[in-house]
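Protein chains in written order, with the working numbering: chain A, 1086 to 1619; chain B, 1086 to 1619.
These aren't lab readings, by the way, just hints derived from the structure by calculation.
Hints are not guaranteed to be accurate.
Which copy is meant is left open, because identical chains are indistinguishable; a pair holds if it fits in one copy or across any two.
As the list claims (entries may be wrong) - BS3-like cross-link-like pairs, simulated, lysine-lysine; straight-line CA separation at most 27 Å: (1) K1311 / K1343; (2) K1611 / K1387; (3) K1279 / K1311; (4) K1453 / K1343; (5) K1541 / K1437.
Keep in mind the model is a prediction, meaning the values are calculated, not measured.
Protein chains: 2
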Amino acid sequence: MVKRTSPDQPYTISKREFLEGCAAFGGVSAVMTALNGWDMGIASAAEAPPNLMGRSEGTKVLILGAGLAGMTAAYELGLRGYDCQILEARPFAGGRCQSSRAGFTTTTVDGEKRTCDFDEGQYFNHGPWRLPSFHHAVFHYIRKFGVPMEVMVQENDLGYIQHDKANGPLGGRRVRKREIKADMRGYTSELLAKLTDQGALDDELTNRDREKLTDYLIREGFLDAKDLSYKGTLHRGITKFDAMGTNVMTGSKAFAFKEILQSGLGNSFQGVTTIDHPATMYQPVGGMDQIAQGFEREVGEKITFNAEVLELKQDKNNVRVTYRDTATGETRVENANFCITTIPLGILSKLKTDLSDQCKEAMAAPRKMTVGKLSLQMNRRFWEEDDNIYGGSSTLGIPGHTVIYPSYGYCGKKGIIQSAYAFGRAAIVHGELSMGQKVEQALERSERIHPGQFRKHYDNKAFSIDWHLTRFSEAGWTAWSPPDRQKHMPVLREPQGRIYFAGDQVSGLPGWQVGAIESAWAQIEKIHASVMKA
Amino acid sequence: MVKRTSPDQPYTISKREFLEGCAAFGGVSAVMTALNGWDMGIASAAEAPPNLMGRSEGTKVLILGAGLAGMTAAYELGLRGYDCQILEARPFAGGRCQSSRAGFTTTTVDGEKRTCDFDEGQYFNHGPWRLPSFHHAVFHYIRKFGVPMEVMVQENDLGYIQHDKANGPLGGRRVRKREIKADMRGYTSELLAKLTDQGALDDELTNRDREKLTDYLIREGFLDAKDLSYKGTLHRGITKFDAMGTNVMTGSKAFAFKEILQSGLGNSFQGVTTIDHPATMYQPVGGMDQIAQGFEREVGEKITFNAEVLELKQDKNNVRVTYRDTATGETRVENANFCITTIPLGILSKLKTDLSDQCKEAMAAPRKMTVGKLSLQMNRRFWEEDDNIYGGSSTLGIPGHTVIYPSYGYCGKKGIIQSAYAFGRAAIVHGELSMGQKVEQALERSERIHPGQFRKHYDNKAFSIDWHLTRFSEAGWTAWSPPDRQKHMPVLREPQGRIYFAGDQVSGLPGWQVGAIESAWAQIEKIHASVMKA
């Protein structure tokens, strides 16, 4: 986990882009405030599953939840002779590793069913949606199961920024991200180059180093090498293309430095992208659910679907799980030597268990992250055809709103745009809207980024998920405060008798698939060690 | 075309990345020098073919060359009733729009045949290989012909830089591009923030603007908000990942500012990518030749293959083309009302024609760009599995050498790496090497970027193209000097009697497919106007 006192704080947040607004308007301190209570990170410690020596034929392990953690445990233990059974409350495998496509149905905590009606071939990753390249544990199974991968465009400099509340002439004006990036780096390079030229760094740098610095600044900032000034650059954007012309391109005019400063739009990017959100990330071809399906091909026969766990008890030799078959209403009991539970802590803490008070306190400690998303089907890819934007995003700086373009199906006829990505308070508000209200809000807002296009090309098909209102999830992910994590995580990581906790919720990376998989790796290693010792 | 006196000059060059070395070692002036005689640009004037009114049933147009220009002309004129025939010297369509894959054969000017033996599913775009999103003319046909597209990763911050001749401790050291980027932007932000804090900009900026600037610099440079210093950042790179740890990530240590300055490695990037080489570019799924095949599906029956043009004559009413059927050796003659020639000017200028002296002078004026490429099949994707690099490139700063990773087939078993991309003198030298020498040179060099991996995993399959030594091309593209362009292009753009010149060679964008297509659009418009007037 990223330490909250490090200077890196503001950057980890860009994982969920809604804070761009805070940064642009309130500067660093606003971002720092917004970060409180947040829990973000990245990574991958192990690159391969634990190398478990020996087999254990017939030891029965009951796994609660057929998400990536549960299926990882079943797959790996199965290879070592364990008899695994997975109880899954939903009628499908994958946990939150879902993609909305024609026929996909999600159920809310109130029992409302939302079925996606996108056209054939159109889909949206409404759960996890992007992988950085060093999440080795996920890539391990992607390779093993032969899941084809493609680029997910995280950063596209051609995306738009428009902040209606920004000060000065740029307030409410739609600009390309690269215009701001080029101008800010140009003007700041000019300032430093000129100050250097005027002797401001004579005490700090040698002549040779100042010369090298100036060379760098000229290049970095697209400066005029003679007078060290930034006069704009073709590379900030072009207003005219003429492949047959003497001048093929005409560059756009740079914004005034003070105008950008006033607007705060310069705070929408950084020296490098955050480590966990590089410009190019990765996604399975055909939808994130292809990862879940890769696992399901291997362990599908071990899964009992529609199995809602009601009770979790254990004695010295045995774990007993009572569950309800939601299809028939029948109540059933399963016994096993061990149990791995990936049930969201917020849900498990409300069930009947004989777990210790310390463990119950730990389960109840974290917050449930509220997260809402909305995606809209468009009948024409105007963002590609008219705006030259293929993947990436645009932003109005409104918390909860976004315009995220699809990173697949380029040059096709239709496409799915994500138009809401809300967290915290914004997600609660978003979740309370009706589907019609959500769509209207998204159209009204997104129309400002794509005037005359967004509403016109909306194809009357939308899909919305509110993870905190989704049955059997009740949260986007588990949000730990640092003190709670420090206090309670050790309890949840250790065996509670014959019961082991897994899922991204007990990893250092809640909300990331790598956390789910590595949590399973960690727990099966403990179970196996215990079995081998016996 | 980009004006050569603009401060943007160094950046247009990055199209062909070999100049990175010059920039890093010699600073701006070296790049400026290297630019002399160069001809680079981007763009797309027209977004759709000319809207030609009326039809001309039966007017015969003979098109020389089934590259993108020739096929565009045949396709568009065919829609208006023209009787088009294409004479193509090669046994396949597409011109330089080629992909090397199992069975693909290219022939050198000496008659040597090079056949690609890559494994099934492996391919390499040895001609055009990337499209920026605003090359509308190309995207127009991609959409029309339903060519599936995907991202071509132009910039990947995880790629390596290693400059053996760089000064100081970083000389010969392999570093990630993002480490240099983060550190340079960090240190320069620190310098400017501190100078600002010390009052250096008090005369230039208001208090409020200085505060805004400082906010920006803290964010841009990952500075410590308290003392405005750059102390490194997690986002430059991580040395340890632990998804189950309390500290998920451990950041790597920043390089010393003076060490980077001395090394010149900071000159390997700029404030924004060049406009024609954004971080994400685009390529057809399955190979660039899919664009050629899209055209061929439409106009394939109009093409006469193996037709090597020998002579081009015209009188007042007729164009007469004599060609040799290279398969049978027979000589044949075709007559037509008009002729569009896309034959490389350097080749056409050597044929028998009755073109004017002025026109002959124009055809002989441009240089033939020497270009060489080499690609190697690897039996394991070590760059993905071991180095977390999916697409993008690494560089040693050696002219002619590169390590370009494939932007397709991620997480598969094998992959094709481009290990030479040579221009000018370097291409001539490269072209004189035997295949074995080329491979050995590439392995020796690339092994420095991927020690212990590159040579070990080379799969003994390589393909090489030297465009200047390729039959019926004899150049990578046509290189115009600005004065020659100014003097001769108007001649080539105007009808020479009944003969019209097309191809990227007469556009403002030699070497780009958009230039080829738009040249055809421009010329068919003139032919049609002439026919309609008659």
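Violations among the numbered hints: Numbers 4 and 5, in rising order.
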